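Below are the chains, spelled out letter by letter.
Number of protein chains: 2
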Amino acid sequence: MAGSAKNSPRDTPGDDKVLAIDLGGTLTKIGLVSRKGSVLKAEVFKTGAMGPFEDFMDQVEQVFAKWQKDPGIKPLAMGIGAPNASSLTGCMENPPNFNWGNSIPLREALKEKWDLPAYLTNDANAAALGEMYFGVARGLEHFVTLTLGTGLGSGIVSHGKLLTGSRGMAGEIGHINVFPEGRQCKCGLKGCLETYASVTGIRRTVMELIAEGGTDSVLSAYSYDELEGLTISHAALQGDPIAIKAFEFTGKILGLKMADTAAHLDPEAFVISGGLSQAGDLLLNPIRKHMEARLFRAYRGKIAVLTTEYSSEEAVLGPAALAWQHLDEGGV
Amino acid sequence: MAGSAKNSPRDTPGDDKVLAIDLGGTLTKIGLVSRKGSVLKAEVFKTGAMGPFEDFMDQVEQVFAKWQKDPGIKPLAMGIGAPNASSLTGCMENPPNFNWGNSIPLREALKEKWDLPAYLTNDANAAALGEMYFGVARGLEHFVTLTLGTGLGSGIVSHGKLLTGSRGMAGEIGHINVFPEGRQCKCGLKGCLETYASVTGIRRTVMELIAEGGTDSVLSAYSYDELEGLTISHAALQGDPIAIKAFEFTGKILGLKMADTAAHLDPEAFVISGGLSQAGDLLLNPIRKHMEARLFRAYRGKIAVLTTEYSSEEAVLGPAALAWQHLDEGGV
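Chains as they are written, first to last, in the working numbering: chain A, 780 to 1111; chain B, 780 to 1111.
Treat the hints with care, since some could be wrong.
[As the list claims (entries may be wrong)] Partial selection, computed: residues in chain B whose CB lies under 10 Å from chain A:
1) Pro831
2) Met836
3) Leu919
4) His954
5) Ala1042
[As the list claims (entries may be wrong)] Some chain A residues flagged as far from chain B (calculated, every beta-carbon gap over 10 Å):
6) Met836
7) Asp894
8) Arg962
9) Leu1044
10) Asp1045
11) Glu1047
12) Arg1073
13) His1105
Hints were generated in silico from the structure; no laboratory data involved.
This one's a predicted model, so the numbers in the text were calculated from it and none came from an experiment.
We treat Cβ as the ideally placed atom computed from N, Cα and C, and that holds for glycine.
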């Protein structure tokens, strides 16, 4: 990652850097990132989403206090990615799995701790910018990222810019419908794409396939709580019929829906990331096959399906790209 | 339309005007349109899509020759809307129902006849611009137009600009999937939205409902070829059960899919136009009900469903808006 980023056309001399914060439901990562995408300094701590927001801010302050002592560290701006964050309000809006209130003024709170221009967007949008600046989407102007983790996060880039929509809430592709009376989603709707195409989704699919009679599988020994995405990948690679079927089903649904997304946006590529993307061809082959079969003719054979090159340690590259984009545009 | 447009903030003094051409499968409309959206002059002729392209150009030339004699007519630019037209290539690309070749260099051909800056886009995109400049979408920056005619055409406006995608082919919402093994679409795919949500789609739905046993309907007297959208509307208004069911089914499918479109784009509104939109509340009530029930919570209660105020005579306003937009941006 860092190696390929070294040749980025966005590279400039000097030691400009930005502060980047990736706030996750479990871990928060803070990094200092150069214009060419090198992570110069990094800290990780437990977010404490169920504890008080003040505890989170205390931990941020400790990192900031330590770094501010070093006179060589002078970031130009701060980029923040967080779940359910709105670039318009600067707040996390009703984040599920957080106990910090309904509207958390994250941008202002962080800006106060280190007086820098601060930019906030949701984690999936930040990831899309990271791919465009430092990842597999470098050079692309029209693409969609799909992050297949606990849920399905998505970010849309059109004409080289994040598509934000009228309320900063565009790109909720995890909540398009697959089956009108399908699986119950945490959002309250039924049949949302993320209930099928995510780590959680494929775990549900395995349980469903076992329920339908597929007990001739190593996966029948796992409870839902025990079952991890990697367990299913390993089983599939060893020829387990239920595991293979689960990937085929997941890839088929995702491929069909990606064709619908293409019919909206005419992208050059999709970028798949998140835990489930580690399954590689087990997932990509059915995605490509079913997407292609369902694409409107204008797009057929023309849309790449890529996987991220990031490791999860590099999650700060997304918020870093957000800060760089604002700086490139004149710091507005 | 012209009345409301008079108060447009885009209004300027002077007598600036543009030449606008709406090329349809049946009729071609040419107009001279002021900055405030007044149609100052208009001509209509049969396109002759099955005859030679040269015949079409001869007809255009006759209109141009007549208008060019009038020294008061000095358009600033030419806007053209046509089926399957690409703003990137300046051509109509493989238009079905036309016998003019695979790639028709419409922009260059027309530019040669009247030496003006000429801009081309597909008819659905032009319609979206027309709504933004002169229609019900004035003041909106994020909206989607759905034109329900023989097929379903769509145009997406995001941040006040047409979303074109990487190949100028964004906004093919008519070809997102409703049922994987659904109705055969002319595009070669199965189950496309336009096979359900269009004038053609509702005619197919009526035939299906009659086939399923609904012969207690005035519509059972009509052949598929005879059946028009207005016939179904009239029957529904008089309480015909099949006609009412057909609108309910059409509106339900469209509403569900509009919720998916909203999850991509976070728009302020949808603008419904085309023959089927004349059914008014017969169609709008089920659309609104089913869209709302399926919307992700961030959008619920926040997306307007509007119908166009245009008459079909005003179809030149779309291509006129295209020309004005380019002029506003400095004629690029």
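For each hint, the structure was consulted:
Below 10 Å, beta-carbon pairs count as interface contacts, and Pro831 of chain B has none with chain A, the closest being about 26 Å; its hint is therefore violated. A cut of 10 Å between beta carbons decides the hint on Met836 of chain B: the least distance to chain A is about 26 Å, and the hint is violated. Hint status for Leu919 of chain B: holds, given a least beta-carbon distance of 8 Å to chain A, under 10 Å. The interface hint given for His954 of chain B is met, as the beta carbon of that residue sits about 4 Å from the closest beta carbon of chain A, less than 10 Å.
Interface restraint check for Ala1042 of chain B: the shortest CB-CB distance to chain A comes to about 4 Å, inside 10 Å, so the restraint holds. No beta-carbon of chain B is positioned within 10 Å of the beta-carbon of Met836 of chain A; the least distance is around 26 Å. Look at Asp894 of chain A: its CB is around 30 Å from the nearest CB on chain B, clear of 10 Å, so calling it non-interface holds up. Non-interface call for Arg962 of chain A relative to chain B: holds, since the shortest CB-CB distance, roughly 15 Å, exceeds 10 Å.
The beta carbon of Leu1044 of chain A is not kept farther than 10 Å from every beta carbon of chain B, the shortest such distance being approximately 5 Å. The beta carbon of Asp1045 of chain A sits about 2 Å from the closest Cβ of chain B, which is not more than 10 Å, so the claim that it is off the interface is violated. Against the 10 Å criterion, Glu1047 of chain A falls within the reach of chain B, whose nearest CB is about 5 Å from its own CB. Not every CB of chain B is more than 10 Å from the CB of Arg1073 of chain A (nearest about 6 Å), against its label as outside the interface.
Chain B leaves His1105 of chain A outside its interface by the beta-carbon criterion, the shortest separation being 16 Å against a cut-off of 10 Å.
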